[in-house]
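Protein chains in written order, with my numbering: chain X, 1 to 442; chain V, 443 to 884; chain G, 885 to 1326; chain W, 1327 to 1768.
No lab work stands behind these hints, which were simulated from the structure alone. Computed from a predicted model, the values in this text were never measured in an experiment. We put the beta carbon where it would ideally sit given N, CA and C, even for glycine.
Derived BS3-like pairs (lysine-lysine); straight-line CA-CA distance at most 27 Å: (1) V/689 - G/1187; (2) W/1764 - W/1749; (3) G/1131 - V/745; (4) G/1187 - V/745; (5) X/220 - W/1573; (6) X/29 - X/98; (7) X/174 - X/112; (8) V/554 - V/880; (9) G/1307 - G/1104; (10) V/540 - V/471; (11) X/303 - W/1629; (12) X/247 - X/303; (13) W/1546 - X/247; (14) W/1629 - X/247; (15) G/1326 - G/1056; (16) W/1386 - W/1424; (17) X/232 - G/1116; (18) W/1573 - X/303; (19) V/674 - W/1558; (20) W/1438 - W/1500; (21) G/1131 - V/662; (22) X/50 - X/7; (23) G/1104 - V/689.
A few chain V residues that don't get close to chain X, going by computed Cβ distances all over 10 Å: (24) 447; (25) 508; (26) 620; (27) 665; (28) 675; (29) 785; (30) 835.
From chain W, some residues computed to sit far from chain V (all C-beta separations above 10 Å): (31) 1467; (32) 1548; (33) 1573; (34) 1640; (35) 1646; (36) 1735.
Number of protein chains: 4
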Amino acid sequence: MVSELYKKMAEYVDSRADWMVENRRDFHKYAESGWHEVRTCSIIADFLTKLGVDELILGKDCFIAEDRMGLPDQEELDMVYERALEQGAVPEFAPFFKDGFTGVEAIIDTGKPGPVVGFRTDIDGLGVFEAQDDSHKPFREGFASVNPGEMQACGHDSHATIGMMTAETIMKYKDQLCGKFKFVFQPGEEGVRGARGMIGTGFFDDIDYMMAMHVMPLNKDFPDEDFWFQYKTCMANAKLDVYLYGKACHAAAPESGNNAMLAMAAIVQGIYGIPRASVGDARINVGQVIAGSGRNVVCDRVKMVMELRGLTAASLDYLEPYARRIIEHAAAMHGCTAEIRLMGATPAVVIDSPDFTDELVALANEIGFKALPAPEGTKPTSDDYAYMADRVIQHGGKSCYIFYRTEEAAPHHATTFDITNDKDMTKAVKIFLAAALKIVGK
Amino acid sequence: MVSELYKKMAEYVDSRADWMVENRRDFHKYAESGWHEVRTCSIIADFLTKLGVDELILGKDCFIAEDRMGLPDQEELDMVYERALEQGAVPEFAPFFKDGFTGVEAIIDTGKPGPVVGFRTDIDGLGVFEAQDDSHKPFREGFASVNPGEMQACGHDSHATIGMMTAETIMKYKDQLCGKFKFVFQPGEEGVRGARGMIGTGFFDDIDYMMAMHVMPLNKDFPDEDFWFQYKTCMANAKLDVYLYGKACHAAAPESGNNAMLAMAAIVQGIYGIPRASVGDARINVGQVIAGSGRNVVCDRVKMVMELRGLTAASLDYLEPYARRIIEHAAAMHGCTAEIRLMGATPAVVIDSPDFTDELVALANEIGFKALPAPEGTKPTSDDYAYMADRVIQHGGKSCYIFYRTEEAAPHHATTFDITNDKDMTKAVKIFLAAALKIVGK
Amino acid sequence: MVSELYKKMAEYVDSRADWMVENRRDFHKYAESGWHEVRTCSIIADFLTKLGVDELILGKDCFIAEDRMGLPDQEELDMVYERALEQGAVPEFAPFFKDGFTGVEAIIDTGKPGPVVGFRTDIDGLGVFEAQDDSHKPFREGFASVNPGEMQACGHDSHATIGMMTAETIMKYKDQLCGKFKFVFQPGEEGVRGARGMIGTGFFDDIDYMMAMHVMPLNKDFPDEDFWFQYKTCMANAKLDVYLYGKACHAAAPESGNNAMLAMAAIVQGIYGIPRASVGDARINVGQVIAGSGRNVVCDRVKMVMELRGLTAASLDYLEPYARRIIEHAAAMHGCTAEIRLMGATPAVVIDSPDFTDELVALANEIGFKALPAPEGTKPTSDDYAYMADRVIQHGGKSCYIFYRTEEAAPHHATTFDITNDKDMTKAVKIFLAAALKIVGK
Amino acid sequence: MVSELYKKMAEYVDSRADWMVENRRDFHKYAESGWHEVRTCSIIADFLTKLGVDELILGKDCFIAEDRMGLPDQEELDMVYERALEQGAVPEFAPFFKDGFTGVEAIIDTGKPGPVVGFRTDIDGLGVFEAQDDSHKPFREGFASVNPGEMQACGHDSHATIGMMTAETIMKYKDQLCGKFKFVFQPGEEGVRGARGMIGTGFFDDIDYMMAMHVMPLNKDFPDEDFWFQYKTCMANAKLDVYLYGKACHAAAPESGNNAMLAMAAIVQGIYGIPRASVGDARINVGQVIAGSGRNVVCDRVKMVMELRGLTAASLDYLEPYARRIIEHAAAMHGCTAEIRLMGATPAVVIDSPDFTDELVALANEIGFKALPAPEGTKPTSDDYAYMADRVIQHGGKSCYIFYRTEEAAPHHATTFDITNDKDMTKAVKIFLAAALKIVGK
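Chain X on its own, in the form it takes in the complex (with noise of 0.2 Å):
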């Protein structure tokens, strides 16, 4: 039972594929990495702006500023302002995000009684120098990235095109519609740095059904689904850094130093052998050390990036606490400090309600689509969505994260990932759209 109002807002939605191809690729272009969406949100707030959405909330707004995560230093901060204006961002609004306030929220509130439905799209790029060569469509084409080290590798450009037009489609025929319309444009999801920051501010407490979208790859096994649904429990996530500082001193009298190079090694070991629990099976990873500085130097400096999972709350509150009396320990052992750094992290919480997934599968599918769960073995999303679908049914409301399925030129990640045919979006859309109306009863 196909809504005609569907019909015609998908009818809309494909003449605007264009544009859709177009923005996306501008964003492609300018890829801004966590934090430093400066451009790409002042590009947003002046488009939502201009649809004249109801309740525009721009930056420090949209954020309790201390509970963002995983912050660049306020000198990069400052130098990405500048490239972001040198790079177009819209000078109105590119104000409102400096410092590490790169989030847009916006309301449409049709005036009438009804559910209050949530989108949320992430904007962010990666720290991964896009291809530079032919056989790269984005380079070929000339919107690859020109920012050296950020690259849109995991599609958030597209992210945050369908976030737009579907916020441009509901404006659209906003008369015909009930109930209110919540956007997120959300920061820094690469690293799990953004969603804590912006879920203290109420903006999620009367949200009624949350719903998160993200591209993934067509697949020799599964060629042909338009859309997988998780039906996911989040793994508990806490990613921290670890400083330590020992004492430099030639390494033929390594008694007048102290020597962190011991600490690390005696952290990694700890950490990784902190024993398997009946608390919820985990995963614990190191996965970076920079240590020290000469061959003949006592080491005192070591920079370690690690990462600590579970897949229950309980699991990560077991191990998290152990790890930083390892850690301190450590090294104490050998007369270091230790500074800890808490980068990102997520919560180990349910993001997609039972029956609300279930009817948003049957619903893709009544519509044409071919839907799905997301089989088995789904790479888990570490996505720090989490905070907000927590905060979500945590007020009573139902959360819901959509994988739509398109070509990929490459693995996320990689420096030639792309969306082969970014027309493709326009299906994303499409079932944002379709939920919505089934939603609010259209």
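Given chain X, put chains V, G and W in place with the hints provided.
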């Protein structure tokens, strides 16, 4: 130029060879290990009393009680005291040696001016189960240890006897001598536990020339010297027992426990890994670990037996606090606590005054023995005589450590150790006497 | 719908309660731990012979010899064989059980077509010293273990008796039954050593319905169910003993040795540190380490007692080879060699067929007992019955693991464990019989 | 007894002080670190050619190619070759020094019988970014390094100049001399990479007296000696770079990877933990570790930069194979492979022949300088001149290592290092000349 007095003394010693053998074998049969030597001490005290030495210092008066190290617990001390009485301890003297005060000191004062000469002989057995079969002479001839797990496996039974006979001979010729002669019968040399407790009483402070004696086997490369002289600097030494206390629980749910096994592994790796420093060479050994109970129980109890040695005092001063810091923090890493017990120690000190030792080497050859400096590589015996030598030298005296060499049935500490020709004890007495005569100018 | 036959059988069982108590206590008094159960087996064999079961399979015929795990050494086996004879083993049967072949299997064949029903009861005691004081009923009443360090501390004495009485009752009513009944009296369940050796003979391959029984205490939260049914998947389990062989030498010159202590520490840290994988949750425990000899001797011998568990077969398949690789290379790092002995193992298998178990829960309630699925968190008993269950299920049969619940004087494995009301064994026999009747349609 | 010839030579040297300063500063400005010294060598070669030395050995002919250590990769070598040409390398000579053959040797043969005297001066800069501010004289006066990350921060620019001026003076007075004079301009002393490759050609085998020169700062405790003489035994030294190769994968499923991070930690703990042995004191330092890529990627690549030192050859002979064994097996523990590259090495050898050195100390004082043996605790400079000294001594010659002392602006290797009064180079030339005269009897 062998003096007449020496000749008479030497003859007298030879005439007492059978008694020496008998006495040695009696001590061998009733072997008493460190701080158990109640029977041994009571017999020595009785013997010296009968000789009529001028001063006898017994038990508590030989020690600064709290400086003793590595004492057994009270229950064990009580038990061995009872055993000593049953095995023929001299009842008048035994009570002096209760509760871990198993030392005897004696002074023979000629009343004439002259130097003070000290003799140190140790008296304790080892924690070894003596071989109980007919191929082992002590067993065959009925003087193998009757105390299970205690054995005179390093020849201290002979040392004690040598000390006694030296005293007897000096008493016999006392009127032809001058100066003073001081005798120390030291407990607990094994594990270097006994000497430290004896040096604080002042007994050593006026000694001008101090000598210690140890048996040393003949060997293929050096088949025939009667004596070796050490010329040695002792390695500093700290013997630590470490107890780790965690919390046991079922291995299926280790989060309810505290894993002392992991703490132990971190300690082993940590302390071996203390960086080699420029403060002097060192040695580290974790000799024994007893950890845990059942296979599926999280380990909550660990005993570690370790030893730190430094070629210099500075080296041990670097190692020991570092090791203690590692132990504490490695325990804390896993929520465990550590208790560290100092079971024995030796300072890094010179134990041979080179000029005095040179004289004794010459003297030994002069009176017809074959004597040499100990060859390079003679096992560094970490004898806690070092405490005494250091005390004497600090107060202006000189020290020498002498090995008397004779055939041994098996290596030191072996269950089949024996001094094959135990009449060779006489030569040890003779070198003591010759040295004494030379020192006092007779 | 309780059948008449069941009622008669249940009455008969009640009439034999005193014998059951007496037999249980006899087994309790002459407790025999894993692979020692010569006396126990001989009594069971004699009992079954007297019953006139149709087939009796004894000792060697019950096993694939090389599949047995965790056998004591021959000297111990010889010693306990002699002891069994002295303690009243039935002389005609004892020889069957020499040398670690302490199993009994029996078949009652009604000669009429019908399903094959299997009963498994284990018979071994534990390595525990039973409390020897009057507050402990078995001691007070004279049936505490007379075998030091062996105790029926987990109720297997009752299991064996239940198996015997089930056989007796079935024999008594054999002519009213159809199908076949197979009984397994399994040794060495503690340490999961005995079952693996029994499954290769074909005995289990035709069993349609297999049941195992274990005692389980009443507790505060669940004070009154008669039975719990597990519905469980067993954790895969590998019990490894690791022996490290280095080379001892004096700690002052460690270059002449090979330090097995360091290898041990690297193993502990290495295997706990195996990265948590996505193949299933797991557990790792190094429960015991005995390492080294003297303080100043480089450690040359280590025994490590460890256990690896995987929630899935894949998990153990990942862990075990990884652990073995670590052990070998950690030994090699320090010039040592490692010997790894598999002391026990359980596969990760389903041990309860849900539909069969559902039926038994219903049945138990129907005949007047209170029965429930075991509550969440019932200790995962790593019972090596898993091998048998898996064998049966692989051959198309079904399996169920039943707990009969009764008051216990102390927790399983405690030195004061006892089954307070040992007449409650009758209810275990009754559920076995009721199940058998239901299965064969009577 | 200062000879007339010496006086004339000394005057000549003084007259050339300005040239020396200019030349030193030119080398300083165009600093070339180890194996980069193309420009430096070409200028030296040109200079010596113009002097008319009797034999000039350039580039490849100075080396056994495969004995060189720690070479940069070819790309780097090519790049610095181009740079050298751009920065004024002498075009006729530059090609000799391509591809890491940056050494020059020269022979002045008087044609008259007499001893063979060798002079070694090293020429390389360090991997240091020179301070670029006006408080730093070289910057202020325009001779700070123009090569980023390369700096003459240890005075080798002065050494090279000293060698050149020594040759010039000897050439000038050649007809008044006898014997032969050999000059070695050595690359890559920093990191002890260059000397080993030069000793296999036979050049050193006939040298009777060999001298090396190094600058050494005046300091508070020793404010005014002109020269120190080392009298030193060099610590044996092995500089290893270790590359670990594992397999990267997502940290959520580490079973598909091989974790090189864990291997690294085991190596750090393992090699620091090598037991201290009785073969000589040692040092171990892991100075640098670069490991891994992303936080949630299992680490597959590690670079470790380490150094092993032994006070004796036996000590390094013990340490190095032990460390290699640990590295290999620690890698294998985690399914990784290890590649070990020897980046530099020094043997444990005597570098000062005591009698020759005694003579030079006396001589220095005789000709009006203040000279002493280097005080206890002079930093053990692990100069790979040790290879040359050893070669000379093994062939019956003698060696001496001389420090010329002068004020320095900052410690060796600091970014603000400078030789404040660079005319003091003249005294280094004078002691070389005085020694040469004494050796050849003039």
